[in-house]
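Undergrad: Protein sequences appear in the order of chains A and B. Just so you know, we're using the working numbering here: the first sequence kicks off at 254 and counts up by one. Just so you know, we're using the working numbering here: the second sequence kicks off at 47 and counts up by one.
Hint data in this document are derived by calculation from the structure and do not stem from the laboratory. Where is the CB? At the ideal position from N, CA and C, for every residue including glycine. Honestly, I wouldn't trust all of these hints.
To be verified - Derived list of chain A stretches under chain B, where covered just means 3 residues or more per stretch with a C-beta under 8 Å from a C-beta of chain B:
#1 317-331
#2 369-381
#3 453-464
To be verified - Residues from chain A that keep clear of chain B, each with C-beta distances beyond 10 Å, as calculated:
#4 G436
#5 F623
#6 Q680
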Amino acid sequence: MTTRTARGGHWQPPPGRLSRRTAMLGAGILPFALASCGSDPSISADPDELVMWYWNRSASPELLAQAAEQIPGTDRHVRADVVGTNFDTKLRTSLAGDAYIPDITYINSNNALYFTNEDLFLDLGELGADSVQDDFYEWKWNLGMTPKGRFCFFPLDIGPTGFFYRQDIFDQAGLPSSPEEVGAATTTWEDWIALGVELRGAADSAMVNDAQTVFEGFLNASPERYFDTDDTPLYLQPDSAVRQAWDTTVSAIQADVTARIPRDRGTDQNAAWSSGRTSGNISAAWWAQILQESAPDTAGAWRLADQPVRPGNNGGSFAALPHTCKDPDAALSFLTWINNPQNQALAYEDVQLFPSTPASFDALSYSGEFFGEQDPLEFFSTAAESVPTSFISTWETLIGGSFTFEIGNVETAGKDPEQAWEDALAQAQKVLTKRGVLS
Amino acid sequence: MTTTATPRASASSNTPPTLRSARTTRQRIRRALPLYAAISPFYLLFAVFGLFPILFSIVLSFMDWDGMGEISFVGLAQYQYLLADTRFWNAVGNTFIIWFLSTVPMLFLAMVIAFLLHQNIRFTKFYRVAFFLPNVTSMVAMAIVFGSVFSDTFGLVNSALTALGLDTVPWLSSPWGIKFTIAMMVIWRFTGYNAIIYLAGLQAVPTDLYDSAKVDGASLPQVFFRITIPMMRPIILFTVITSTIGGLSLFTEPQVLLGDSGGAGEAGMTIVLYQYNQAFTQFDFGYGSAIAWALFLIAAVFAVINWRLVSGRGDSVQPRPSRTTTKEARR
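Could you put the whole structure together from the sequences, leaning on the hints where they help?
TA: The following block contains the structure:
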């Protein structure tokens, strides 16, 4: 009996020990307790601090430093957090968990992915964003509009497209080689392919690296894409834009003007451009920077010509305010301030974001020689004037891959184009039925 | 302290034995509490970041969820879709082909390397480090190197083939080329790792077995196949199982080499890459979870088959004369 008491007494921990044990338990539980108590969905508890999520080179560090002091015209300030890889997954996770949601978030050109959950974002039109609408390219502004007509995605940069080509190779091949001549010789896709055939014959060089470039180059310049705002699958209609893009691409493949190097083989693509095996690309303004870095030896040899029919747009980001935003008015003030024409010009000089406000170009001048005498700023700002207004649907982001995948099969595996088209349609149908878009 | 202890002691003296044992259990738990607290961080973290996601993925596989909106119940629809999904079965086929192409040569090579390293040669430590180095090399850097070496038009391998007057092989655009290249990456990365494990196993084989084999005049291949391999059976079983798990969950190699879409014709699309593709690029988390559980079933079936194969063969080896003689020789 006494022994048991003594033993019990022995295990009755002295006060110091008890507290240590409690501390230990506490340390283990604390993070979870904190997480579960986080009923405030915002990241920062400071009412004056608006947290913004972005990724590297999507905003000018200089302007962010200013906003970190104070957003002009408000008494709030911005804390900009670089969110690395898997940006979309992280943003979705915070929105799904209703916790740690940023007050302002950048969203890439895949903003259509968020249309199905547009209620999670504020309508910037209601907050008065329309007052600056006239500063922006109209088509870009419209891309920020949801199918319900809410303006949730504020325009950041843009990606007007054109035909990049190697003037030296075109010269050697005895083809038209000045930007004006090339543009004039390729006003239609048929002419563009015909010029490619000449290039293949004279210099054994391809116009572009892969068929996907032609397919997307065509669609990105088309006012009609896969769906309309009522989710009608336009690509199923005869002579749809998607089908035209498909047929054009198939004739480009059959004419052998693509190099058959798909983009998952980036090393090969770069080698093709540096070596002259491929003499061109249809891409956006932002590609100039990439090209300069991946093929520095070809500096001065590249030029820009208008792509067939009309310029398109490829890429360009947006900003959105999640529904939990602490101070929507101040957040919108920040967006309109950082995206005003002067600041977009500054961001271009800082991190090469191509401005979505035409007035920015008054303040900008180009001094490089990568494109010889040609001024890419002038070229792309002119191109941006004629980009058509189009609608990118959420569902396009789910099925577009089936079409580019199948066009790749036609190009690299020699698949029958009609069979490939049928397979792309069938795969799209399966995915859309699964998601409940089609029945 | 005495005031708390005394009533307890008197109470326990009057209570029937069952209650008393309950008391001691409670006391035991109280005593063990600090110990449980000490190991709790792992279990708490595992519960939050391991157990919960695993259980939630079961739930999700019966749901439709895009990762941020509403979660809706769809019953077995995800699994029905999976059974009819040719892309999924293509991924299953790819995974097995790549697994076979990589595991068989890799384990054989590893065994040979381990056997050679176990001999009395110079610089053994240097070789050990050298063979293990690929295992700790950055995968992304590796993918760039492999992408350049096996590049269709500008790669080293194809340049070498051309120099030898042979036809070039479209390593990164033909179905078999892609699978072969991925298998090469796996072999390159894990041969040394398995060789080190085998080497450890070899060092545990008693040397008197080898000595008596030498006395009996056994040749080197005889020693290898009659002594080394049978003695190494448990180690081989271990490497086969780890390679199977690794092979079935192959993801990083194809992803860094070919991107999220698995290369031309989806020839490099593995099960886990497809799962990642569906969940994190298509934001179809319900379907991604269903794929994960399908993979779990496949892996479970395969683990059983593997176990049967490797341990079954072991039983038949037991009564071999060579083995009994060595045993006798040992005595």
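Undergrad: Beyond 10 Å on every Cβ pair: is that true for A/G436 relative to chain B?
TA: 30 Å, holds
Undergrad: For the segment 369-381 of chain A, does the count of residues with a C-beta closer than 8 Å to a C-beta of chain B reach 3?
TA: holds (count 3)
Undergrad: Is the coverage entry for the segment 317-331 of chain A by chain B consistent with the three-residue Cβ rule at 8 Å?
TA: Contact hint for the segment 317-331 of chain A vs chain B: violated, 0 residues under 8 Å.
Undergrad: Is the coverage entry for the segment 453-464 of chain A by chain B consistent with the three-residue Cβ rule at 8 Å?
TA: violated (count 0)
Undergrad: Is the nearest Cβ of chain B still more than 10 Å from the Cβ of A/Q680?
TA: 8 Å, violated
Undergrad: So A/F623 supposedly isn't at the interface. Is its beta-carbon more than 10 Å from every beta-carbon in chain B?
TA: 23 Å, holds
The earlier numbered hints that this structure contradicts are 1, 3, 6.
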